[in-house]
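J.: Residue numbers (this note's numbering), protein chains in the order written: chain Z, 1 to 343; chain H, 1 to 343; chain A, 1 to 343; chain X, 1 to 343.
None of these hints come from the bench; they were simulated from the model. No false leads were mixed into what you were given.
Pairs count within a copy or across copies, as identical chains cannot be separated in the list.
Pairs of lysine-lysine, DSBU-like flavour, derived with a Cα cap of 30 Å:
(1) 250 / 215
(2) 40 / 186
(3) 186 / 215
(4) 136 / 215
So you can see what is in the structure, the chains are spelled out below.
4 protein chains.
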Amino acid sequence: MIRVSIVGATGYTGVELVRLLATHPEVELAAVTSRGERGKPVADIFPSLRGVIDLDYSDPEDAALADSDVVFFATPNGTAMHQAPALLEAGAKVIDLSADYRLRDPAQWEHWYGQQHASPGYLDEAVYGLPEMNRKLIGQTRLVANPGCYPTVVQLGFMPLLENDLVATDSLIADVKSGVSGAGRKLTPATQFCAAAESFSAYAAAGHRHLPEIKHGLSAMTGDTVGLVFVPHLLPIIRGIHATLYARLKDPGTDLHELYARRYAREQFVDVLPQGAHPDTASVKGSNSCRIAVFQPQGGATAVVLAVEDNLVKGAAGQAIQNMNILFGLPEATGLTQIALWP
Amino acid sequence: MIRVSIVGATGYTGVELVRLLATHPEVELAAVTSRGERGKPVADIFPSLRGVIDLDYSDPEDAALADSDVVFFATPNGTAMHQAPALLEAGAKVIDLSADYRLRDPAQWEHWYGQQHASPGYLDEAVYGLPEMNRKLIGQTRLVANPGCYPTVVQLGFMPLLENDLVATDSLIADVKSGVSGAGRKLTPATQFCAAAESFSAYAAAGHRHLPEIKHGLSAMTGDTVGLVFVPHLLPIIRGIHATLYARLKDPGTDLHELYARRYAREQFVDVLPQGAHPDTASVKGSNSCRIAVFQPQGGATAVVLAVEDNLVKGAAGQAIQNMNILFGLPEATGLTQIALWP
Amino acid sequence: MIRVSIVGATGYTGVELVRLLATHPEVELAAVTSRGERGKPVADIFPSLRGVIDLDYSDPEDAALADSDVVFFATPNGTAMHQAPALLEAGAKVIDLSADYRLRDPAQWEHWYGQQHASPGYLDEAVYGLPEMNRKLIGQTRLVANPGCYPTVVQLGFMPLLENDLVATDSLIADVKSGVSGAGRKLTPATQFCAAAESFSAYAAAGHRHLPEIKHGLSAMTGDTVGLVFVPHLLPIIRGIHATLYARLKDPGTDLHELYARRYAREQFVDVLPQGAHPDTASVKGSNSCRIAVFQPQGGATAVVLAVEDNLVKGAAGQAIQNMNILFGLPEATGLTQIALWP
Amino acid sequence: MIRVSIVGATGYTGVELVRLLATHPEVELAAVTSRGERGKPVADIFPSLRGVIDLDYSDPEDAALADSDVVFFATPNGTAMHQAPALLEAGAKVIDLSADYRLRDPAQWEHWYGQQHASPGYLDEAVYGLPEMNRKLIGQTRLVANPGCYPTVVQLGFMPLLENDLVATDSLIADVKSGVSGAGRKLTPATQFCAAAESFSAYAAAGHRHLPEIKHGLSAMTGDTVGLVFVPHLLPIIRGIHATLYARLKDPGTDLHELYARRYAREQFVDVLPQGAHPDTASVKGSNSCRIAVFQPQGGATAVVLAVEDNLVKGAAGQAIQNMNILFGLPEATGLTQIALWP
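Based on the provided sequences and hints, a complete structural model is requested.
T.: What follows is the structure in C-alpha cells.
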C-alpha cells in the first residue's frame, strides 16, 4: 500500500482527491491537512464523504507528511514551493496540483503569479505531469507538476496536429469554457449562484495565467515557439471544460479523424469520438476521460478540435492519481475506473 | 458470476443500471434490450458509457432473457406484467423497477394506472423491495417489486415514527421535491430545459400515482390505514429527491434524533445526520445513500423529517441492485460503494 | 414627481428598486447610496443598468436624503432603525425593506435579530406594508415596514382561510422554497454556484427569523395566536418563492377555489389560477404578481395552498413601490406593469 | 395605433412578441394565430401572460390578417414564404422572423433548408432587417427579413472591423454559444433538461444553416466574399447568446476600442463596454441590447470581439419590433425600453 497525504484538502480539488483515493486499491490515506479545519472530521465539512472517510483534518505542521510515500499538494499557488523541498529531501515524492512547478523560468512564473518563487532550484527537476506527453519522465521523477485544467485539455486537443507539423503555429486559437468549480472554492462575487447561473461570459481575455503554461507545452510539441490566443469563459455548470480549438492547416487534404484516432489509440484516458460526433461535458462528469472530436468545416483550411474533460478529474485530481500510478509502477488506470455520471 | 439482463435500457433508470452493474464484481451483463435501438451499440447512444460496455441493444424477443439468472425491467409501467411470468416460470428471477407489481390489489392498480393488470396472479407473490423493511422476504422471493423513488424516501423518513406508534396517523404530510430525471426520458413540455430550469412548481396535487404505494407501505408499519397528503414538486436539478415530512407527535417529549439514529444504526444505506444538520441532495448524487435528519421546531407537537436520496440510485437502480444482492446472498453493499459526486 | 432616494442600493433588492423605479412615470431618482461604492457610477457595478441610470453612488452621510419625499431602505437588518427617525422628523416618508420595523415587540425583535432595537418608539407607528391586508393604514402612515419575502407569500396564501375561520389554527404548516437571491448578495459558502446548483435542502428548520413576522400577520387575521411550523428551503433558481401551505379544514365541504377567487377578485397583484392549475415560479419572474391555487386532495380534511411570487418584486422591491403608490395616492399599479419574463 | 397580428404565436419568439407588444404604446394586437391551440386563450397556455392579454388563438385561415397594418411571422421555416405574398398584395406589411426571405439566392436557400422556395420572386424585394446596417432600406420596404439570432450578434461584432477593412477576411472565426431557447419550443432530446443542464457541447460544427446568412452579411460589409468558420454551441441557460469572434488584424496599431465606441455611438441598442470589461449574457436578459467589447491579447495580430444579446429580443422579437418602428416612422426605441432582468 502506498501511504498518501493530501495538503490542503478543503478545496474542490482536495475533496476530489479524497473521493478518488478512498476507493483506490493500492492506497492508504495517511493524513489530510487543513489549517482552518484542523481537528474536525473531514466528513463533517463534506457530507458527501460521510461513511467514506474517518480522518480528521490535521495541521500541516503536525502531520507526519514526510512519512508518506507521496504527498499531494491541493493548495493555492505559492504554498507547495515552500513545503515541497523538505518533503522531497526527506524521501517523499510530491505531486503538486498547483502551478508552483509548472513553468521552467522563475522570472516568467513571478510575472504571472505575482510573487517570488521560493524554490526555483527545483523547477528543472520537476516533470510536467501530462502522461500522454511525458509518461517516461514522470516514471523517473520524484516531483510532478500536475498540469492545470485548461492546459490539459488544450494540449491534448492540439497535440496530434502539432506533433505532426500540420498547422501554422503562429495563429493558434483556444476558445475554452470552464465550469465554475474551476475557479476554486474561495468566495468571490463571480462565483455566486446569482452571478454565475443563467449567464455566460469570457474573462481574462487580455491574458490568463494558464497562457504561458499552455504555450510552453505546445512549443515542446513543435520544437519552436507558438503564437496562441487563449480566451477562457465561465460556464454555468459545476464540472466540465470544453475547448474549441482552431488552427490553419498546411495541407487541407490530411485525414484528421484518422490522425487523432491513431495518436490516441493506446491512451486509456483519451477517447476520440466517431466521425461527426460532438463531445459534451456531461459525458465525462466524474470520470478521468478526455473526449475529442476533430472537424474541418466545408473542407476548408481550418481544423476545429472539440475536447472535453472534467476539470476536477482529468483536469486535476484524476490526472494527479494517474501520475501517482506511473510514479509507483502501477497500471495507469488503477483506481480511476469511475464511469461518468449521466444524466 | 450472476448473469444479468436489462429490459428497456434506454431510459435513465436503465442506463443507471448499466453504470452500476458495469463495475459490480459478481455480475456479468448478458443482454440489454431496446426495441427502438436494437442493433446499435449502447455506447453510441450514451457516450458516457464509451469504453465501459461493449454490448449492442438487442430486441427483447431475440434476447435469451430466460437464460439470465436475473432480469431487471426498467420499462414503462405495463410492460413487465406481460413478460415477467414466462421468465419466472423459466427459472429466472425478476426485479421490476416499474410499478407493475407494487400494489397488492389489482383493482387499485387499474384505477391509478389506467389499464387492466395482465398478471394479477403474481401480485401476492411479489415482494416489495424496500430492504430496510422487507429484507428477509426479499431473500426468499423470485419476484421483487422495486419501490418507486418517492415511496422509498417517504417510507424511510416516516418509518421510525410509525413503527413506534409515536404520531397521529390520520394527518401525515409529505411535501416532496424531485429532480427532473424522476420524470423519465420521454419528451414532454414540462421537462424541456426552458420550462424546467429557473422554475419550480408542484404537480399532481390532487393525487399522484405513488400515493397508494406510499400509503400501503406506511399502513404496513402501523398495522392500520393511514391518512396522507402527498404533494410532489418538480425541482430544477437532474438528480435528487428531498422529502419534507410532517407528523403530529403523540408525545412531544420523545428524543427523535436518538430514535432515528438507533433505528438505522445497522443500515448501510441510511445515514442519520448529526443533530441540527440538514441533508442536501448533492450529498447523495450518484450514491445509494438516503440521508435523514429529524427536527421538532420550537419543541412543539410537530415532527419534521428531512430525507434525501438520488432518485436514480437509492430511488431506483441502486436499490434494485441492493435487492439483487439480497436475492443472491451477496453482501448487501456489493457493487454499491460509489461515493457521491460533490461538487 | 416624487423625489426618491434609496439607501443601500448595492444589494439585489436595491438594484431591483432601481430597475423598477427607473421607468416609474411619477418618480425622480434623487440619490442612491452605498458606503462601499461611493463615487462610482451605479451602471459600472451593475452593467444591466447601463444606459438606464446615470447616477453615481453617494455616501449616505452626504446624500441630502431628508430632501427626498420618500426614502427606501434596502439595507441589512439593523441600519434603518438608526437612520429612519431623523428622516421622518425632517418630513420624509420612509419605506423600510429590512426587518427593523416589522415586529411590534422590541423584545421579540431583539431575540430573533440578536441586537438591541435603536428606535423602539417608532414600532407602534410603523404600518406593516401588506396592501392586501393593510391598504388603508398604509395610506395614512409615514413609515412602512415592508414585509419579508417569505411572510408575503405565506400570508397571502393563508389569508382567505384564516379570515373566514375555516381551518384549525393550531397546526398550520408552511413548506416554503426560495430562490438563491432571497439570501442576499453577501458572499457565503451556501450561495456559491457549486454549492447551490444541482442541490436542494432545507435550512433553519429549527426556527427562522421570519417565523414571528408570519405568525404575527396570521394572528391578526384570526384575532388569536396561531400555531405554525415554517420550514424554508433553498431552491437552485435565482428568483422565485413557492409556498406549499397545509391547513386542517373545519368543514371539508367549503368551495375553496371560489373562496380564493372571490377574496382576490379586486386585487391587481394576486392572481387565483383556474381550478386544477399549479402555479410555477417562472410565471411571475420579474413581475409583481402572486399567483395562487388551492387544492383539497381526495376531498379530505386538508387544504393545500400553492402560492408563488418573485421574491425580489412582490416579495420586496415591487411591493415597496406598491406601498409608495398608496402612500402618495397614485393608482396602485403605477410603474408596476412589468410582464413576467418567460421563458 | 398600428394593428398588429402574429402568425404562430406559440413558440418562444411568438410569446416574446406578445410580451413586448403588449406594452407598446402605438400598437393594438389584433390577432394571434395557432393551428394547434385555436380557440384557447393565450394566457391559458402561457400563464406569464395572465392579466396581460385577453386574446384567444385564432386559426390563421380565419384571422383577418390582411386587415392588419403589419403581420409578424413567428413560424417555423417554410411557412411565411407561402402566406406572405397574399398579405403583401392585400396591403399589409410583413416582418418575417423565420429564415424564408433572408437569402437572396433561392438555390442556396434550398440547399440549406431542404425544400423548394415557394415565393422566390419576393427575395429581391425583402430587406434584411439589421437596422444598424440597413436602416434606410428598412424604412422603405414592405417586407422585412428579420435576421437570425446568431447572425445578428456575429454581424454586429465584426461590423466595425470589416467596414473599415482592418482584418484579413479569409480567416474569420465565430465561436458562438447560445442558450437553449434558441433551439425553439419543439420537443427534442437535446433540449430536455437532463440533457442540456450541467452540460455543454458544440453542434453542427461541420456546417450550420446560419452560415450563409452570416457570410452574406459580412460580405456586404466588405464588398467581397469572406471566409468564415462558425461553430455554434449549446449553453445551459434559457436566454442569451455570447459570440467570441477572432480576426487577423492588418495593422495591429489600430485603437480598436475607440473604433467600436465611435461606430456605435449613436446606436441605441448597441452598447460598447468600457475598455477591459467583459460582457455577460445576464446583463441583456430580457432587453433589446447588444453589448460588445474588443480585445487585442498581448498586443498581437488577433482581434477578439466579445458580443452578447438576448436571442429572443435583439436576436428575434425585439429586433422585429425595432424594424416595425422604423417601418412606421416611430422613434426606434418605442416600446423597447425594457431593462435587463438582473439577477
